[in-house]
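Line by line, the protein sequences are chains V and F.
If you're matching positions, the first sequence starts at 1 in our numbering and goes up one per residue.
If you're matching positions, the second sequence starts at 567 in our numbering and goes up one per residue.
It is worth saying that the hints were derived from the structure and are not from the lab.
On a predicted model such as this, the values are computed, not experimentally measured, just so you know.
Built from N, CA and C at the ideal position, the CB exists for glycine as well.
Take these hints with a grain of salt, some might be off.
[Said to hold, decoys possible] Which residues of chain F face chain V? A few of them, derived with a C-beta cut under 10 Å, are: (1) Met567; (2) Thr571; (3) Pro595; (4) Met598; (5) Gly617; (6) Ala645.
[Said to hold, decoys possible] Just some of the chain V residues that point at chain F, by a computed CB distance under 8 Å: (7) Val16; (8) Ala18; (9) Leu20; (10) Glu213; (11) Ile217; (12) Tyr220; (13) Ala224; (14) Ser227; (15) Gly236; (16) Val241; (17) Ala248; (18) Tyr252; (19) Gly259; (20) Gly262.
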Amino acid sequence: MLAQVDFVPVATPTVVWAGLVPLMVLGGGAVLLVMFRSVVKRLPTDYESWVTTALGPVTVVAAYVLGGVAGQDLPLSGVRSNVGDGWFYLGFLVVLAVSALLVWSLDIGLDTAFTVGVAVTTLSATWMLWGDRVMVDGAFNSIGEQLGVDGFSIVFTGIMAVAVGLTALLLDDYIEREGVGGVEMYVLLMLSAAGGVVMASANDLIVLFLGIETLSIAAYVLAAMHSKRLESLEAGLKYFVLGAFSSAFLLYGIAFVYGATGSTNLIAIRTFLDANTLTDDGMLLAGFGLMLVGLGFKVAAVPFHAWTPDVYQGAPTPVVAYMASAVKAAGFAALVRVFVVTFGAYRLDWQPAVYVLAILTLVTGSVLAVVQRDAKRMLAYSSISHAGFILVGVQAATSRGTAAVVFYALAYTFLVIGSFGVLTAVSGQGDRATTLEDLDGLADRRPALALAFTIFLLAQAGVPLTTGFVAKLEVIGAAVEAHSYWLALIAMLTATVSAFLYLRIVLAMYVGKSSEEALAAPRARIPTAVILVIGIAFVVTVGFGIIPDPIDQLARDAVPQLVASG
Amino acid sequence: MEVTTNWYLVLAILMFSIGAVGLMVRRNPLVMFMSVELMLNSVNITFVSLGTALNDVGGQIAVFFVLVVAAVEVVVGLALIVAINRRHPDADADDLSVLRG
Numbered sequence: 001m002l003a004q005v006d007f008v009p010v011a012t013p014t015v016v017w018a019g020l021v022p023l024m025v026l027g028g029g030a031v032l033l034v035m036f037r038s039v040v041k042r043l044p045t046d047y048e049s050w051v052t053t054a055l056g057p058v059t060v061v062a063a064y065v066l067g068g069v070a071g072q073d074l075p076l077s078g079v080r081s082n083v084g085d086g087w088f089y090l091g092f093l094v095v096l097a098v099s100a101l102l103v104w105s106l107d108i109g110l111d112t113a114f115t116v117g118v119a120v121t122t123l124s125a126t127w128m129l130w131g132d133r134v135m136v137d138g139a140f141n142s143i144g145e146q147l148g149v150d151g152f153s154i155v156f157t158g159i160m161a162v163a164v165g166l167t168a169l170l171l172d173d174y175i176e177r178e179g180v181g182g183v184e185m186y187v188l189l190m191l192s193a194a195g196g197v198v199m200a201s202a203n204d205l206i207v208l209f210l211g212i213e214t215l216s217i218a219a220y221v222l223a224a225m226h227s228k229r230l231e232s233l234e235a236g237l238k239y240f241v242l243g244a245f246s247s248a249f250l251l252y253g254i255a256f257v258y259g260a261t262g263s264t265n266l267i268a269i270r271t272f273l274d275a276n277t278l279t280d281d282g283m284l285l286a287g288f289g290l291m292l293v294g295l296g297f298k299v300a301a302v303p304f305h306a307w308t309p310d311v312y313q314g315a316p317t318p319v320v321a322y323m324a325s326a327v328k329a330a331g332f333a334a335l336v337r338v339f340v341v342t343f344g345a346y347r348l349d350w351q352p353a354v355y356v357l358a359i360l361t362l363v364t365g366s367v368l369a370v371v372q373r374d375a376k377r378m379l380a381y382s383s384i385s386h387a388g389f390i391l392v393g394v395q396a397a398t399s400r401g402t403a404a405v406v407f408y409a410l411a412y413t414f415l416v417i418g419s420f421g422v423l424t425a426v427s428g429q430g431d432r433a434t435t436l437e438d439l440d441g442l443a444d445r446r447p448a449l450a451l452a453f454t455i456f457l458l459a460q461a462g463v464p465l466t467t468g469f470v471a472k473l474e475v476i477g478a479a480v481e482a483h484s485y486w487l488a489l490i491a492m493l494t495a496t497v498s499a500f501l502y503l504r505i506v507l508a509m510y511v512g513k514s515s516e517e518a519l520a521a522p523r524a525r526i527p528t529a530v531i532l533v534i535g536i537a538f539v540v541t542v543g544f545g546i547i548p549d550p551i552d553q554l555a556r557d558a559v560p561q562l563v564a565s566g
Numbered sequence: 567m568e569v570t571t572n573w574y575l576v577l578a579i580l581m582f583s584i585g586a587v588g589l590m591v592r593r594n595p596l597v598m599f600m601s602v603e604l605m606l607n608s609v610n611i612t613f614v615s616l617g618t619a620l621n622d623v624g625g626q627i628a629v630f631f632v633l634v635v636a637a638v639e640v641v642v643g644l645a646l647i648v649a650i651n652r653r654h655p656d657a658d659a660d661d662l663s664v665l666r667g
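For reference, chain V alone in the conformation it holds in the complex (with noise of 0.2 Å):
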């Protein structure tokens, strides 16, 4: 006998699949890539290269199609009415064209050019929910009030995306060269990415969790996977535990503001912490504390930077190129949406707390750099000293501060992957030959690699003409309006102490000698895809660096919202 029962409907959310484009490529691709993997070790060599070919014509229709999925209409539909339909299709037959020329000759594996095509792909969607939907009709939820689009998740999604093409490129002569892992870095590259984008989209602070986790674990994996050298495995293991220790410091401070809130979403937090004062906030308090160390690990800010020597040095050089700028950018996105956008009421009492760390990390970052040997190992201090320069930003906790931080993300991931670009190059086989002594005389032996990296240093100490020098002028330009006067000073004096530390790699490329194996050794190709990515960022860093509008009105145009839907 069954009792009657009353059917409840159970309330689904409203999915805007448009908005979720870009997470699902990214996912999507990389469950498609080991799906295949698994099937197919490997292809006859002929087949291999041909279908390698032909993804570069398929990636262009993928993103022309997913791109409509993700806009209004299908993008470039207003070029299209311009020039009238059969022109527009001989051009598209070109690019096609050109896109098989270009991964032919770029002599490059399937693998990459898959994850290529998936980070093109993504930002193709990117740029169709920018400019035909957030920009037309404002910012919207793509999954519930679980997951917001806005112009600061979009933007932060592209530089996921950026870094996962970029790093896949200098991944492909590297897993040849050193004969470690394969498609599995691919795949978690894409996989963590995915988490990234949840982190910089997330409405709810378990979905931010989960954001985290997803791409925190697979960079563990990915920092352990030169497993012929023990310092990566070490690298893995630290960035591991100390990883896992900062996510139960955040999930601690999740269930505080849960309990003084009541809730764990972003904006029924935000509604509440408008709306009510509390008596007690010695909780809510808390909470702020702990995620603010939990997040404060993840950028690696100071006091809780202690992996990050270890681990840069440790780990791939290419995976380096991908923790420095998409890890940081993802843990800044999150910073900002939790911080500045949600607890943006209680600014007062988080404000000195980031302030202090800030100053911290400015001071720490830049002065333990100086005292390196090992250009890597610099290169992880003076990252340390820019997430110094980016809390600066988020200190300010105005919409210019964050503009300045959306800025900063964006010429540092193309700068630091530029840097660790040459060093991928020049480290040899072993990943070793990363020492100032290595890197004695380079401007003889490489002249093009020395000026690239020349330029990608001074662009990182700050030097006008360069992304670099925009970016910190927008920092301490948001702290000075937020009349942080005395950060804004100490970041100016940190930033010239950094600067001797560029200087010095700099002056051992071009003042110091080469040792005598270094010139005996048989000169390696350099591997055009890493030439590409070094011209990339290079041709990225100046020319918006001389013409830095775009970027700035993009920056600008930003906005982190929280959407309360119906």
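Fit chain F to the known structure of chain V by using the hints.
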């Protein structure tokens, strides 16, 4: 004597502290993982007790996510330990000190 929410919260704080201290003072990677588990489970207790106090099911749902993530973390961590032990039997966190600075 009535057991209130605060009792559970204090228990969780104690567990979290034991875990955090354990992770910092112990050098065996396995014991360090156990400490992390202790920290995560103290968070679970916090979530459940706060959820009950708020009369909200969200706290209990959060626990499911935490459990799954904790399981995934342990899998990756153990895999790393196995990979290290294959190459360097009986290594612990102090022996692993190629990287210094």
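Hints, verified against the model:
1. Of the supplied interface hints, the one on F:Met567 is violated, with its beta-carbon coming no nearer than about 23 Å to a beta-carbon of chain V, more than 10 Å.
2. Checking F:Thr571 against chain V: minimum C-beta separation of about 9 Å stays under 10 Å; hint holds.
3. The beta carbon of F:Pro595 is positioned within 10 Å of a beta carbon in chain V (closest approach about 6 Å), and the interface hint is therefore held.
4. Contact between F:Met598 and chain V, as hinted, is supported at the beta carbon level, the nearest pair being about 5 Å apart and thus within 10 Å.
5. Of the supplied interface hints, the one on F:Gly617 holds, with its beta-carbon coming within about 8 Å of a beta-carbon of chain V, less than 10 Å.
6. The restraint placing F:Ala645 at the interface with chain V holds, with a minimum CB-CB distance near 8 Å, inside the 10 Å limit.
7. Here the hint on V:Val16 is broken, as its CB sits about 23 Å from the closest CB of chain F, past 8 Å.
8. Taking 8 Å as the C-beta contact cut-off toward chain F, the hint placing V:Ala18 at the interface is violated, the least distance being around 26 Å.
9. Among the interface hints, the one on V:Leu20 is violated; its C-beta lies about 19 Å from the nearest C-beta in chain F, farther than the 8 Å criterion.
10. Hint status for V:Glu213: holds, given a least beta-carbon distance of 5 Å to chain F, under 8 Å.
11. Interface restraint check: V:Ile217 against chain F, minimum CB-CB distance 5 Å, threshold 8 Å, status holds.
12. Given hint, V:Tyr220 at the interface with chain F, holds; its Cβ is 6 Å from that chain's nearest Cβ, closer than 8 Å.
13. A distance limit of 8 Å between C-beta atoms decides the matter here; for V:Ala224 the minimum to chain F is near 6 Å, and the interface restraint holds.
14. For V:Ser227, the suggested interface contact is upheld, since its CB lies about 6 Å from the closest CB of chain F, less than 8 Å.
15. Because the closest C-beta pair between V:Gly236 and chain F is about 5 Å apart, less than 8 Å, the hint holds.
16. At a threshold of 8 Å, the smallest CB-CB gap from V:Val241 to chain F is about 5 Å, leaving the interface hint in force.
17. Nearest Cβ of chain F to the Cβ of V:Ala248: about 4 Å, under the 8 Å cut. The hint holds.
18. The criterion of a C-beta within 8 Å of any C-beta in chain F is met by V:Tyr252, whose closest approach is roughly 5 Å, and the hint holds.
19. The interface hint given for V:Gly259 holds, since its Cβ lies 4 Å from the closest Cβ of chain F, which is under the 8 Å cut-off.
20. A cut of 8 Å between beta carbons decides the hint on V:Gly262: the least distance to chain F is about 5 Å, and the hint holds.
Violated hints, in rising order: 1, 7, 8, 9; the structure is consistent with all others.
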